Amino acid sequence: MTIPVEALLKKKENKSRFDRDAELAAGDAKRRDFHEELFELEEKGEWIVQRVPEPYVEVPTKYGRMKKVPKQMMWHHKSCGQCGHIPGYSTSIFWVQRKLGVDYNDPTDQTSCTAWNYYASATSNAAAQAAVAGRNFAAAYETGYFPLIHCGTSYGHYKEVREELLLHGELRKEVREIMKTLGKPLVMPEEIVHYSEWFYAMKDEIAKHQVRDFSDIAVTVHPACHYYKLVEQDAIYDPDVYGGQRTAIVSGVATALGAEVRDYSTWFDCCGFGFRHILVQRDFTRSFATQRKIEKMKEEANPDVTLTHDTGCVTTLDKSQFAAQAHDRNVGVPVMSEAQFAALAMGAHPYKVCQLHWHSADYRPLLEKMGIDWRAAWAEFEAEVERLEKGEIDFLTWADVDA
Amino acid sequence: MSQTGALYKAEAVAGYADVPLEEKQRLFDEVKADMRFPDYIYGCYECGICVAVCPSARFYDFSPRRIAQAVAREDAELVYQQMQEDIWECSQCFSCLRCPRGNNPGGIITIMREVSINNGLASAREALEGYTRIIYKIMSTGTQVSPDMLQPDAFPDWGPEVKDVSDKLELWRRALPPETHHTTTTGWEVSDKTLVELYLIWHKTGALKMIEEVDEGLHMILEEVMEERLEEEGIEV
Ligand code: SF4
Ligand code: SF4
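Chains as they are written, first to last, in the working numbering: chain A, 1 to 403; chain B, 1001 to 1237.
It is worth saying that the hints were derived from the structure and are not from the lab.
Since the structure is predicted, the reported quantities are computational estimates derived from the model, not experimental observations.
You can trust all of the hints, since none of them are fake.
Covered stretches of chain B (in silico footprint by chain A; criterion: 3 or more residues with CB under 8 Å from a CB of chain A, positions within the stretch not fixed): (1) 1031-1043; (2) 1108-1116; (3) 1145-1154; (4) 1210-1216.
Below, in silico cross-link-like pairs of lysine to aspartate or glutamate (DMTMM-like), each with a Cα-Cα straight-line distance of 20 Å or less: (5) B:K1204 x A:E177; (6) B:K1193 x A:E177; (7) A:K390 x B:E1170; (8) B:K1193 x A:D106; (9) B:K1193 x A:E142; (10) B:K1163 x A:E386; (11) A:K180 x B:E1233; (12) A:K180 x B:D1192; (13) A:K30 x B:D1039; (14) A:K184 x B:E1236; (15) A:K390 x B:D1167; (16) B:K1163 x A:E389; (17) B:K1204 x A:E164; (18) A:K208 x A:E260.
For each residue, glycine too, the CB sits at the ideal point set by N, CA and C.
All chains should be modelled from the sequences, with the hints used to inform the complete structure.
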């Protein structure tokens, strides 16, 4: 058979189908620093760039670019699933920041990023998603505080939105028009910062406030997909953590607190959340979370706890274990965020602050290993609830939780 | 249809009545017209790396490689079949961004889903059955899940803690020190002004209109809630 050289060459000439700009070839695009375009667009009056306030810490990202993480002036962009179903997650973030004297703003002028719904149902579009992001960014800008994104999906999605806005002038125009009807400018933060980046940047400071010894605690880490797979060039990597081959973020904090980080083979796998699956197709979620994550961790690392840094991952890994227990699967690993873990290290109350009673997998043996008398702690929490019930207090305050 | 033909061409696609090729092409053209599409597919090596990392591929007859190949080859027939059969199995984890070709199969699926919704495909309507209360929650309150969703009958597989939470909900919410967290019907307290702005976004970007294609009843309720609120503010949409 003769090789159809002519036909092949002709096909090659016709590049219209998948022509790609050499400059934007995947690798280059990932390595480029978007800040030049970001500020150029500001100069052209297309948007306002909210600067990272000083003081900030510079941390290395995947391809070496240094990312500014502010130490102060946080506008807390909360997470639906954290606040709604695992509220000790957000409470711990606030508690740790209060202990470190951070000036912050916990706004009511904030909506969800709505990306959970978008990835679950696609009942939205690029313009709506960018406008929701833009509205929240403008709301933060108006206060002078800098957005700190609690949810891994919000963080990943906002980075996607930023990329889309950088690439598409017509999208910027559309979103700018919408912002105008809301009486707001189009604002883009200089950096999109996840709360776990703040914890990583502040890990030595956090360790200085440590009051509980974690040297006997073994952890496994589940890195959140939307943190480091979406717009991967923005995630934090450290040559000293796994040779810079995977994100350093949670492992760095756990190590700084003296815990032993143990490896397991399926670390790259997602948790099984699936966005729609966790709500309406949980057979998939349960199977994946237990068979590909929890059981592997158990078999290969047998940790005291698994730490992660996103809403969906904590929920999925924690809640999926109950049903698996009924089938005698090798599960039973407590799950929490590194924010709760760090708060516990700093002496936080396991119930008043970390709100572990909202979690499913048994965390009590872990608390015992941390030297915490959970029975006494629970009695203290119950006493507070009784005060609430009797009407002696309306709410548990920050002063109450440290009393 | 001949016997041999029947092996290749079923009367129905994934259990749904077949449509003419022109209709399939029209839907695929809508996918391609999305501004993100050119950044999501650069052809495909057929290396299968995306399949190796894909959680949904482990549990379903599903493959991001097949999706990437179908769109790269501009195979409107196959793309249509995937829109009816495959796309709702994806977990949207974006592990497939590991693609050495720089493709984003998960992103292509997001676009395919959007086109399915916009065109009210039967599979999209089915995929969202049982999910619509969540759409109502996010679009009308600005937070996706709320504490009062934690009901034992909704989450029987999440363990006895769900019942504890639902029994004590109101008290346990007041036992949260952040002031924004004392809510039971939303994740946190969202201000009225913020909601009005969100409703305007849903209206102006056509996101609200999308709901009409998949659930008319839900669309009517949402429209009513939003218009009433916007009218109170003296805003006409
Ligand atoms: S985004 Fe979808 S296709 Fe891609 S790896 Fe995840 S589940 Fe698979
Ligand atoms: S990883 Fe990329 S190139 Fe390889 S099969 Fe998947 S889409 Fe194609």
